[in-house]
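S.K.: Generate the whole structure from the sequences, applying the supplied hints.
So the sequence shown is residues 311 to 499, counted in my numbering.
Just so you know, not all the hints are guaranteed correct.
So the derived label-pair ranges between C-beta atoms look like this [claimed, not checked]: (1) V349 with K401: 28 to 38 Å; (2) P410 with S327: 34 to 44 Å; (3) R344 with T398: 16 to 26 Å; (4) G471 with S327: 17 to 27 Å; (5) D430 with T403: 25 to 35 Å; (6) L346 with P402: 26 to 36 Å; (7) W414 with E358: 36 to 46 Å; (8) G432 with P394: 22 to 32 Å.
By construction, these hints were calculated from the structure, which means they are not laboratory data. Don't be surprised by glycine CBs; every beta carbon is placed ideally from N, CA and C.
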Amino acid sequence: MPTQMPRKGRPLPRTTSSSVSTMPGVGAFADCRRGLDAVPGMVETLEEMVRDKGRPFLGICVGMQLLASRGLEYTVTEGLGWIPGDVTLIKPTDDALKIPHMGWNTLHKQDEHPLLDGIDTGPQGLHAYFVHSYALAAERPQDVLALTEHGGPVTAMVAHGNVAGTQFHPEKSQKLGLKLITNFLSWAP
311 MPTQMPRKGR PLPRTTSSSV STMPGVGAFA DCRRGLDAVP GMVETLEEMV
361 RDKGRPFLGI CVGMQLLASR GLEYTVTEGL GWIPGDVTLI KPTDDALKIP
411 HMGWNTLHKQ DEHPLLDGID TGPQGLHAYF VHSYALAAER PQDVLALTEH
461 GGPVTAMVAH GNVAGTQFHP EKSQKLGLKL ITNFLSWAP
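M.R.: In structure tokens, the structure reads:
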């Protein structure tokens, strides 16, 4: 049974002065949501910064999945609801493909977006690093910026307004990741 380590030291101050926010995530949807809820005022601070003040936000891996309405990993868990849709198990049509989807894969751009400026996509494009078993199925097709393939299309990147997310890990994705992070830091939605 997972346990949470007790925090030692001074309480962390609540701040909404950051110009951008990121939410990385590794693990299961429900565990990550419980982690957010366990920090007093965390969800409210994110809502204020992102929804009320319109500051750019980037969710990474499970951080992107938490943008969804709900996650269906082991149990039904409420997400932040910033990108309508569900997070469901990837079901490759090719039995030779394993879950989790792990390794390097290309992106297939669905729409132009400042976060993708200068990033080569498609079969000859740069590669992103993925490690996940679940994927966000966005209700609004216009929220999907990029797909990847793993026995069928899998959402790789979403955005709506000032909120964006990557299923892949930019911090492990070399040139593509560096360019995406650079684009995010200069993004003015």
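S.K.: Can the suggested window of 34 to 44 Å be confirmed for the beta-carbon pair P410 and S327?
M.R.: Given range 34 to 44 Å: holds, Cβ gap about 37 Å.
S.K.: Mind checking the hinted window 25 to 35 Å against the Cβ distance between D430 and T403?
M.R.: holds (27 Å)
S.K.: Between the beta carbons of G471 and S327, is the distance compatible with 17 to 27 Å?
M.R.: holds (20 Å)
S.K.: Confirm or reject the claim that W414 and E358 have a C-beta distance inside 36 to 46 Å.
M.R.: holds (37 Å)
S.K.: Given a hint of 26 to 36 Å, does the C-beta separation of L346 and P402 actually sit inside it?
M.R.: holds (30 Å)
S.K.: Would you say the C-beta atoms of R344 and T398 sit inside 16 to 26 Å of each other?
M.R.: For T398 against R344, whose Cβ atoms are near 20 Å apart, the range 16 to 26 Å holds.
S.K.: Is the hinted range of 28 to 38 Å satisfied by the C-beta distance from V349 to K401?
M.R.: holds (33 Å)
S.K.: Return holds or violated for the Cβ distance of G432 and P394 against the range 22 to 32 Å.
M.R.: Given a distance of about 27 Å, which is inside 22 to 32 Å, the answer is holds.
When held up to the earlier numbered hints, the structure conflicts with none and fits them all.
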